[in-house]
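2 protein chains.
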Amino acid sequence: MKTYSITFLPDEKTIEAAAGKTILEAAAAAGIAVNSVCSGDGVCGRCRVIVKSGKVTAKPNMFLDRREIQRGMALACQTFIDGDVVIEVPHESRLGGVPQLATEDAIRFGSISDWVGEGALFPRNPLFQKVYIELPKPTIDDSICDQERVFRELRKTRDIPIMQTGLAVLNRLPDILRQSGWKVTVLLGCRGGTVEVVDVEPGDTSAINIGVALDLGTTTVVAHLVDLNTSRTLATKAKYNSQISFGDDVIARIMFSATPERRTQLRDVVVNDINDLITALVVDAKIRLNDVSMVACAGNTTMIHLLCGLNPANIRKDPYVPAACCPPTIRAAEVGIKINSRGLLSVLPSVASYVGGDVVADVLVSGMMRSSELSLLIDLGTNGELVVGNSDWMVCCSASAGPSFEGGGITCGMRATNGAIEHIQLGPNGSITVCNVVGGGKPLGLCGSGLIDAVAELLKTGCIDRRGRFDPAICGSRLRESETGDKEFLLYPGSQTALGRDLVLTEADINNLIHSKGSIYMATECLLDHVGMKFEDLQHVYIAGGFGNYLKIEQGVRIGLLPDLAHSKFKYIGNGSVLGAKMVLLSQEALQYVHEKIAGAMTYLELSSNHKYMNEYSSCLFLPHTDIEKFPSLMGGPDTRPVTGEGA
Amino acid sequence: MKTYSITFLPDEKTIEAAAGKTILEAAAAAGIAVNSVCSGDGVCGRCRVIVKSGKVTAKPNMFLDRREIQRGMALACQTFIDGDVVIEVPHESRLGGVPQLATEDAIRFGSISDWVGEGALFPRNPLFQKVYIELPKPTIDDSICDQERVFRELRKTRDIPIMQTGLAVLNRLPDILRQSGWKVTVLLGCRGGTVEVVDVEPGDTSAINIGVALDLGTTTVVAHLVDLNTSRTLATKAKYNSQISFGDDVIARIMFSATPERRTQLRDVVVNDINDLITALVVDAKIRLNDVSMVACAGNTTMIHLLCGLNPANIRKDPYVPAACCPPTIRAAEVGIKINSRGLLSVLPSVASYVGGDVVADVLVSGMMRSSELSLLIDLGTNGELVVGNSDWMVCCSASAGPSFEGGGITCGMRATNGAIEHIQLGPNGSITVCNVVGGGKPLGLCGSGLIDAVAELLKTGCIDRRGRFDPAICGSRLRESETGDKEFLLYPGSQTALGRDLVLTEADINNLIHSKGSIYMATECLLDHVGMKFEDLQHVYIAGGFGNYLKIEQGVRIGLLPDLAHSKFKYIGNGSVLGAKMVLLSQEALQYVHEKIAGAMTYLELSSNHKYMNEYSSCLFLPHTDIEKFPSLMGGPDTRPVTGEGA
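Chains as they are written, first to last, in our numbering: chain Y, 99 to 746; chain E, 99 to 746.
No wet-lab data here; the hints were simulated from the structure. Certain hints may be false.
Since the list gives no way to pick one copy over another, a pair counts as held whenever it fits inside one copy or between any two copies.
Okay, derived cross-link-like pairs now, DSS-like style, lysine-lysine, Cα gap no bigger than 27 Å in a straight line [claimed, not checked]:
| # | residue 1 | residue 2 |
| --- | --- | --- |
| 1 | Lys415 | Lys235 |
| 2 | Lys254 | Lys695 |
| 3 | Lys695 | Lys585 |
| 4 | Lys337 | Lys153 |
| 5 | Lys235 | Lys710 |
Here the structure is a predicted model, which is why all the values come from computation and not from measurement.
Turn these sequences into a full structure, and let the hints steer you where they fit.
Given below as structure tokens:
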């Protein structure tokens with residue numbers, strides 16, 4: 099097959115690609131993360147690139163105007179390589195920088211020592227252990243086989259009912275035992291109810307035993323390097339999940355993963371991300387890759403399927419059945435994760451197709467399953483996951499929120515990375531009084547928390563009504579009409595933004611957000627209703643999810659996303675996934691607890707067949723709600739005028 | 099590297115081999131089993147071949163005379179390829195035909211239904227099961243994952259505490275379930291205390307579930323094809339273990355296996371044998387190879403090490419420690435055994451370096467561990483293994499008998515294959531009155547039972563004295579002097595033998611046998627002495643081992659191999675290995691029993707450090723013994739004259 103040379107600018111990265119491949123595919127192969135919401139279907143218009151030179155063939159599309167096409171602009175997913183080409187990938191089409199939630203500081207919900215270790219909930223008893231043993235030398239009177247000699251010594255100090263090993267270890271065992279003078283370190287891995295002698299090393303290597311706690315998100319991958327002997331976090335890293343090039347959300351990824359080859363492609367892409375993170379972590383911590391013996395991973399059900407190479411197709415087909423909620427512990431190398439070649443990979447169990455191991459980790463971190471008081475947990479992302487319950491029972495559900503919380507489907511939306519407005523405050527006439535930009539500098543766009551802030555502020559100032567429509571009288575000159583005839587509110591003129599383009603919020607944007615928040619609120623109401631409870635019965639509301647941690651409670655309540663409860667009842671979980679993965683990594687008891695008391699104890703409620711959800715959803719498509727009495731703290735404010743007209 | 103073409107006659111098989119390889123190595127590569135006792139060290143002289151044409155380089159040796167060398171005769175192991183050659187491998191240098199103990203008839207100790215099934219000792223509960231299940235289709239209210247749906251259904255009918263599966267199965271599971279209309283057959287394999295979902299097949303395939311019971315001997319490999327649903331044996335096959343080209347006994351094989359490459363070579367050779375047998379079995383039984391899902395294998399500790407690719411080096415070094423007495427159950431494909439690609443291989447556990455899973459199987463078949471009466475089990479081969487005990491305790495030991503019981507080290511010795519004299523009877527003057535030849539026709543040599551017969555008869559007729567020395571007065575003209583000055587007794591002149599060479603028995607041959615039998619007898623006495631028992635305390639004596647089954651009790655007692663007890667106390671086990679392997683294959687309870695009540699319950703006595711054994715061994719180097727009072731039934735016979743002279 100004919101191949102061509104493709105150079106990407108400004109990276110100056112050149113790769114070979116086969117004729118007929120799309121520029122999006124070539125960029126993914128070059129490791130350049132190009133934005134794509136629709137996984138290459140040509141319907142989101144996010145993957146704009148500029149063809150600087152060379153021959154390409156492009157399908158027509160509706161996102162680019164004549165002037166842009168004349169400038170060489172093209173959609174990467176709709177443009178096919180037909181010769182050696184040079185492509186510029188502009189900043190706005192990239193997944194820029196490092197995700198915001200990378201650091202240990204983001205965990206606001208206690209440190210690991212509150213959870214694992216002496217006096218804590220779980221004993222420190224890592225999933226992977228290195229045990230130094232000094233064996234008695236065999237004699238004529240004690241000539242049991244090498245394997246049994248090791249097992250016998252291990253059983254002296256620990257109660258292991260089923261101990262397994264493999265031929266690879268047995269093959270090396272005789273020489274290692276004798277060359278080390280019968281002083282060896284046994285590497286023990288916990289594998290689904292049994293303990294495996296994963297390896298045997300000469301001498302005492304037990305001092306260094308490192309694990310990786312992984313939060314495998316649809317958007318972001320976060321990895322913490324953990325000393326399994328001390329529970330200490332040695333280093334932390336985060337990066338975007340490069341699968342984003344194949345679709346923004348899990349549904350797009352599932353649709354892309356229709357063939358075994360594509361599933362391999364998706365797996366390899368995210369495993370590369372994981373390997374990049376781990377490689378960077380061990381450099382930071384000054385340890386050898388070979389010393390990393392275990393990865394514990396929390397992620398949503400689809401992400402775990404894709405990591406394990408399992409077919410997620412049925413996750414998006416009624417009745418939404420995963421292949422496996424608890425994939426087995428495997429050798430990490432089996433999926434291509436590069437740690438010690440005999441190291442293991444364990445994943446936190448899921449509950450259902452849309453309530454994954456990440457939510458299970460959140461619940462663990464919240465502690466709600468240990469309190470007799472009623473708690474609600476909300477994990478906010480493209481999907482919103484909700485759990486309600488106490489120490490006696492837990493029920494969960496999932497609601498599709500759409501991409502607006504992560505900046506998707508919003509004219510000037512973006513992820514919470516450098517340049518994103520994460521917090522904004524407006525004056526009475528809609529003028530901006532406060533604006534926080536991630537990383538400082540000029541704003542580039544609005545991330546989820548910024549969007550909610552903006553809409554809540556517009557509502558508070560009366561610039562929009564409870565249906566999300568602009569009031570020209572109050573907006574004044576900031577309100578204008580876009581090229582497509584949509585009404586838009588000018589937040590920043592191009593001269594004040596990083597890209598030189600106006601930063602606006604349209605009525606369509608606001609409508610998208612209303613649908614997102616309405617979906618979550620309605621789901622919460624249905625879940626409570628299902629168990630015969632009301633919002634007032636809630637003693638605690640835990641907010642989880644990458645985006646959730648940056649949400650201001652007051653604004654969340656104002657737009658009707660969060661229930662109108664005393665602010666003291668709300669708590670942020672932080673990155674529950676990575677903390678949960680860390681607990682499991684450090685304590686077999688935690689993993690067992692997660693299986694039995696959380697994942698195994700949770701009842702899943704499917705909302706797609708829930709009549710209340712279907713029938714009453716439209717009542718939530720107001721700010722904050724059709725029924726203002728559900729939000730008593732907002733009553734009497736400027737933004738609680740009665741709703742009239744269509745849809746009311 | 100330069101390669102040459104090597105043609106073997108009369109097979110007319112041609113292969114390519116590198117310059118400098120020995121003819122023995124080339125023959126092994128061509129699948130031609132050439133005799134070799136010394137594993138190619140040039141010291142046994144068994145691998146004679148005739149170079150018909152082409153260039154070779156040969157090391158000098160002491161086995162071939164000038165005339166033979168002029169005829170082109172060479173030792174295959176000492177002759178190196180130096181050009182295209184044509185080699186004739188004469189009949190006498192081959193492992194001819196099929197071993198004698200191939201058929202089901204050889205099992206004289208009960209059929210499988212006496213052991214496994216309703217009313218028998220063990221329930222039928224095969225190590226590998228195919229379970230047909232009809233799953234309820236998932237609904238919104240019952241949307242558990244595919245894996246758990248299968249597990250849940252299985253748990254309805256069986257108590258499986260730990261169920262495992264792998265990504266390969268999970269990967270295919272969603273499609274198989276849906277394409278089959280939720281009617282599938284689950285393949286369950288027992289793996290060291292856990293149950294693995296080995297595979298899932300669409301529809302009901304449970305009717306065909308086939309296993310292989312394997313007796314992996316140093317000399318012979320026996321395979322039975324077993325219907326796991328009915329316990330029925332569908333077909334049986336046997337062949338020589340092709341590792342024989344690398345040494346006759348386990349010690350020679352261990353010495354050969356010094357490098358990983360050589361261990362791979364030895365493994366591949368015997369795995370080829372196993373695959374040949376299984377391929378032939380499935381043709382006979384008219385089933386597909388893919389329907390064979392499990393192999394259970396009994397063999398001595400060294401054979402199991404070599405099968406699993408484990409280093410057996412320490413088995414022959416004081417204090418004789420195996421790498422593993424219980425290698426784990428693995429996928430058969432891991433060692434190259436060709437059955438269903440996901441099928442399993444389980445081995446019976448060993449007790450020690452020289453008491454292997456074959457002896458454990460013998461004990462199982464004997465039933466001695468279930469009787470309060472004292473029993474002795476003797477497994478006779480190159481090594482003699484002995485077990486004494488009852489339902490309360492068992493002690494075992496091993497004694498090196500040398501190769502004479504298998505025809506090794508005997509001038510006209512051979513294995514019990516076509517042409518071997520298996521039974522012989524002499525008249526008063528040493529004339530032959532009865533002679534049974536395996537397969538009929540002219541005799542080719544003496545196998546173990548024939549040798550014992552011959553010596554016992556010579557003793558009975560007075561042709562030899564109790565030191566094994568010929569009495570010229572009685573032997574008459576049959577006694578002569580060999581070319582090397584040794585005294586030899588002519589059994590058959592060349593005109594009456596298959597090879598045209600005289601068939602003789604020398605004093606050295608008799609001396610070899612005396613050392614072999616003395617070793618076994620002394621070991622038996624030491625073992626009984628160790629537990630404070632005497633021969634008279636024995637209620638049962640079980641004779642096992644390929645050779646043991648053809649031994650006449652009377653003759654065994656006469657030469658002092660077996661203790662002088664009432665013949666009614668002796669029983670033959672038959673091929674205990676294959677029957678034991680079959681039991682295990684058909685019953686998880688039998689495997690557990692073997693582990694806990696036999697292998698785990700047996701105490702091993704190392705004779706190499708036993709003073710009595712060392713000090714009193716020489717008293718056994720007489721026929722039957724220095725102390726004739728130990729053999730009261732023989733007292734007063736013609737062969738019980740007092741022993742005088744050296745060594746008495």
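Note to self: Name the hints, by number, that the structure is in violation of.
What the structure shows: 3, 4
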